[in-house]
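Colleague: For this one, chain A is given, so just place chain B on it according to the hints.
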Amino acid sequence: MKISYLKIKSIIKHEYTTRIKSKGFIISTLLGPIGFFVIMGMIALSSYLSVSESPKMKIAIIDYTHNYGKEIVRLDSVNLFLSKKSEAELREKVLKQELDGFLIIPENILDSGIVYLFTGGGGGIAFQSSIRDIVNAVVRRHRLEREGISPLVIQKIDSPVLLDARKITITGEKKEFTEVYAVLGYILGISIYILMFTYGGIVQRSVIEEKANRIIEVLASSAKPFEILLGKVIGVGALGLTQILIWLIVFGLGLYFGAPIILSFFESDIMQSSIVSNAELSDAATGLEIPTISPLLILALIFYFLAGYFLFSTIFAAIGSAVDQESDAAQIQAPISMFLVIPLLFISVVIVNPDSTLSVILSLIPFFSPTLMVIRIAASEVPLWQIIVSVMLMIISFFAAIWASAKIYRIGILIYGKKPSFKELFKWLKAV
Amino acid sequence: MTVLRAEKLFKRYGNFVAVDNVSFSVESGKIFGLLGPNGAGKTTSIRIVTNIIAPDSGEVYLFNETAGPKLQEKIGYLPEERGLYKKLKVIEQLLYFGQLKGMKRSEALQKARFWLFKMNASDWENKKIQELSKGMQQKVQFISTILHDPPLVILDEPFSGLDPINTELLKQIILDLKEQGKAIMLSTHIMSQVEQLCDEICLIDHGKVLLSGNVRDIKKSYGKDTILVEYEGDSNVFNDLKDVQIINRSENRIEFRINADIKVIEKFQKELLSKVLIFRYELMEPSLNEIFIDVVTKKEKLIEN
Numbered sequence: 001m002k003i004s005y006l007k008i009k010s011i012i013k014h015e016y017t018t019r020i021k022s023k024g025f026i027i028s029t030l031l032g033p034i035g036f037f038v039i040m041g042m043i044a045l046s047s048y049l050s051v052s053e054s055p056k057m058k059i060a061i062i063d064y065t066h067n068y069g070k071e072i073v074r075l076d077s078v079n080l081f082l083s084k085k086s087e088a089e090l091r092e093k094v095l096k097q098e099l100d101g102f103l104i105i106p107e108n109i110l111d112s113g114i115v116y117l118f119t120g121g122g123g124g125i126a127f128q129s130s131i132r133d134i135v136n137a138v139v140r141r142h143r144l145e146r147e148g149i150s151p152l153v154i155q156k157i158d159s160p161v162l163l164d165a166r167k168i169t170i171t172g173e174k175k176e177f178t179e180v181y182a183v184l185g186y187i188l189g190i191s192i193y194i195l196m197f198t199y200g201g202i203v204q205r206s207v208i209e210e211k212a213n214r215i216i217e218v219l220a221s222s223a224k225p226f227e228i229l230l231g232k233v234i235g236v237g238a239l240g241l242t243q244i245l246i247w248l249i250v251f252g253l254g255l256y257f258g259a260p261i262i263l264s265f266f267e268s269d270i271m272q273s274s275i276v277s278n279a280e281l282s283d284a285a286t287g288l289e290i291p292t293i294s295p296l297l298i299l300a301l302i303f304y305f306l307a308g309y310f311l312f313s314t315i316f317a318a319i320g321s322a323v324d325q326e327s328d329a330a331q332i333q334a335p336i337s338m339f340l341v342i343p344l345l346f347i348s349v350v351i352v353n354p355d356s357t358l359s360v361i362l363s364l365i366p367f368f369s370p371t372l373m374v375i376r377i378a379a380s381e382v383p384l385w386q387i388i389v390s391v392m393l394m395i396i397s398f399f400a401a402i403w404a405s406a407k408i409y410r411i412g413i414l415i416y417g418k419k420p421s422f423k424e425l426f427k428w429l430k431a432v
Numbered sequence: 001m002t003v004l005r006a007e008k009l010f011k012r013y014g015n016f017v018a019v020d021n022v023s024f025s026v027e028s029g030k031i032f033g034l035l036g037p038n039g040a041g042k043t044t045s046i047r048i049v050t051n052i053i054a055p056d057s058g059e060v061y062l063f064n065e066t067a068g069p070k071l072q073e074k075i076g077y078l079p080e081e082r083g084l085y086k087k088l089k090v091i092e093q094l095l096y097f098g099q100l101k102g103m104k105r106s107e108a109l110q111k112a113r114f115w116l117f118k119m120n121a122s123d124w125e126n127k128k129i130q131e132l133s134k135g136m137q138q139k140v141q142f143i144s145t146i147l148h149d150p151p152l153v154i155l156d157e158p159f160s161g162l163d164p165i166n167t168e169l170l171k172q173i174i175l176d177l178k179e180q181g182k183a184i185m186l187s188t189h190i191m192s193q194v195e196q197l198c199d200e201i202c203l204i205d206h207g208k209v210l211l212s213g214n215v216r217d218i219k220k221s222y223g224k225d226t227i228l229v230e231y232e233g234d235s236n237v238f239n240d241l242k243d244v245q246i247i248n249r250s251e252n253r254i255e256f257r258i259n260a261d262i263k264v265i266e267k268f269q270k271e272l273l274s275k276v277l278i279f280r281y282e283l284m285e286p287s288l289n290e291i292f293i294d295v296v297t298k299k300e301k302l303i304e305n
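Just so you know, the sequences run in chain order A and B. Going left to right, the first sequence walks through residues 1 to 432 as our numbering numbers them. Going left to right, the second sequence walks through residues 1 to 305 as our numbering numbers them.
Chain A with its partners taken away, still in its complex shape (with noise of 0.2 Å):
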């Protein structure tokens, strides 16, 4: 098959520079950074939340020791407090729901290691773990205490382990930075898997207005329904890129002017903190370091973008060239969208465990490594080969993908009134 570049060069450039200059892409250019940001706020938003606020719950608590309760009530005044009160009592409070629930620590606590807590239901699993942490921080102490040994030692014992991390590299050791960098495959992974799918869905919009104001039968007398398919998926694609190229300008630029501000704001907050908690590694704090991004990480939050959109967007243009209206294509697509979603499912996994069987496997495959092999190369180093591997099966799915999407879109721009069933679509497939 010949193919003309001079038409698919004309449709790359019309598809560009019709979009270029739209107000969606204007507004979407200027508003993702915000977006951007707004993310980020949330997710540390609820991990802050998450962390510091437990649920208002009102709990009475029958002490049979008449010692521990006033102990556990202090770690927790805000939710618990101590009751006089008969079990009974209790219980018909918490089913007027005067009460949320009542705490029975009994007598030989120390040695049956349960407490009984009673609700009306409700307060969550953040809610039950907080009360036996509470409970069990009493009781170990008063364990220890019962074998005799000092509370002085005791407080050593508790006093926690942290951690410093360093990651070595040919010039000597940096500071590992791996919330930091778990977070930013986060952040990376969903912001590729929307602009995936946004880009993908313009392009099927446009074969959709395509095919609905019949355009499509002016564009076919001119050009091979292949150059029409290639030249609009690579046209939106450089869109996407550009997009992608102004964004991280903008990022770069920022950190590059923006980041020693803050560094220098931050900088005091954090000396004085490692001070006060641990005097030992105060060492590793002086000459601050900040985490960088890799080049890597850009080449391959370019390349699994550009990967990832061609292959779901000729795809997604397949799709649109079988119908006559979106609401069609969403039909026919449910069941694929069903199987896009599961990246989304694995995304916490991928993060807390970078490197275990599952990501790996997951990462490498092509309809999944767009979100989540970004987000391993973030969070920790990918053996080269698993990168070549993915870069090697994207390739060799996107081709089959424009070969495939190609032979149905060639059929179905032309055929208006019913929506086809995957049989139909089959039969596209093998029809020569």
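Hints were generated in silico from the structure; no laboratory data involved. Don't take every hint at face value.
The calculated lysine-lysine pairs, modelled on DSSO-like cross-linking and capped at a C-alpha distance of 30 Å, are [what the hints assert, rightly or not]:
{"id": "1", "chain 1": "B", "residue 1": "219", "chain 2": "A", "residue 2": "427"}
{"id": "2", "chain 1": "A", "residue 1": "13", "chain 2": "B", "residue 2": "127"}
{"id": "3", "chain 1": "A", "residue 1": "23", "chain 2": "B", "residue 2": "8"}
{"id": "4", "chain 1": "B", "residue 1": "219", "chain 2": "B", "residue 2": "8"}
{"id": "5", "chain 1": "A", "residue 1": "21", "chain 2": "B", "residue 2": "219"}
{"id": "6", "chain 1": "A", "residue 1": "419", "chain 2": "B", "residue 2": "87"}
{"id": "7", "chain 1": "A", "residue 1": "23", "chain 2": "B", "residue 2": "127"}
{"id": "8", "chain 1": "A", "residue 1": "23", "chain 2": "B", "residue 2": "87"}
{"id": "9", "chain 1": "B", "residue 1": "89", "chain 2": "A", "residue 2": "13"}
{"id": "10", "chain 1": "A", "residue 1": "418", "chain 2": "B", "residue 2": "87"}
{"id": "11", "chain 1": "B", "residue 1": "104", "chain 2": "A", "residue 2": "21"}
{"id": "12", "chain 1": "B", "residue 1": "87", "chain 2": "A", "residue 2": "13"}
{"id": "13", "chain 1": "A", "residue 1": "9", "chain 2": "B", "residue 2": "104"}
{"id": "14", "chain 1": "A", "residue 1": "419", "chain 2": "B", "residue 2": "86"}
One-sided excerpt, in silico: chain B residues whose CB lies under 8 Å from chain A [stated by the list, open to error]:
{"id": "15", "residue": "72"}
{"id": "16", "residue": "83"}
{"id": "17", "residue": "88"}
{"id": "18", "residue": "124"}
{"id": "19", "residue": "126"}
Since the model is a prediction, treat every value here as computed from it, not as a measurement. The C-beta atom is built at its ideal place from N, Cα and C for all residues, glycine as well.
Modeller: Only chain B this time, still in chain A's reference frame:
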């Protein structure tokens, strides 16, 4: 000179045969009419000629070469349904379609402005398509069809949506193109336009050619069998007519075809003179419209039997 030659085109969709052994040719400097009822196979034939779809068998020759993607640039195609980008400006739209047909941008710009001027549409250059009326959009679509100066122009229902003034304007432009030696293929339902414009026709139904040839020859072959009367008086006299087929009847005007012996008609003619006042009495060839209905219904009866 023969510009386009379609030979024994055959196209099947599943069990449905859309085009069955259809052949025709289009000459330069001539207007060729492709006619037929809805679903007859006109659009499929045109799509094969424009290389949008491939026939199952048969060949299309353009300037004696096998038609293919390379020759698409020599065709200007106006589809039956309008295909324009709603949000694009008129000039951008024309430039894009022109470039897709292999024109340079500057060349396309110059031609687009020329045609917009010629069609009294220069003011719309920077308007978006969606701001235009249907008739205006139709003009833009027509310009995009002939912008690259194709030797073969294929027009599928070019007059739909146009008011009488613009219909005349477009007719004149089509005749100008014919003068310039372009080969024009016209598909339309409006037979009066076919009669005014077409030199050759091909009538197809159910994918098969029912009738083809020179318009004048076809009409001649049917002979003069149609009578038009314009009169004043009691219209009931026409109700006594036997063995005639009334085609058109309005106040003081009647048009009918005679199936009976001409002598019966002559007798009736005399009767008529004594009963009503006659302004016009004409024995003429049937209109193309009549021939069209005739051929198609005969064929359909044949299929039913």
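Colleague: Compare the structure with each hint and give your call.
Modeller: Evaluation of the provided hints:
no., hint, result
1, 219(B) x 427(A), "violated (47 Å)"
2, 13(A) x 127(B), "holds (21 Å)"
3, 23(A) x 8(B), "violated (51 Å)"
4, 219(B) x 8(B), "holds (25 Å)"
5, 21(A) x 219(B), "violated (57 Å)"
6, 419(A) x 87(B), "holds (27 Å)"
7, 23(A) x 127(B), "holds (17 Å)"
8, 23(A) x 87(B), "holds (12 Å)"
9, 89(B) x 13(A), "holds (16 Å)"
10, 418(A) x 87(B), "holds (27 Å)"
11, 104(B) x 21(A), "holds (22 Å)"
12, 87(B) x 13(A), "holds (16 Å)"
13, 9(A) x 104(B), "holds (12 Å)"
14, 419(A) x 86(B), "holds (24 Å)"
15, 72, "holds (6 Å)"
16, 83, "holds (4 Å)"
17, 88, "holds (7 Å)"
18, 124, "violated (18 Å)"
19, 126, "violated (13 Å)"
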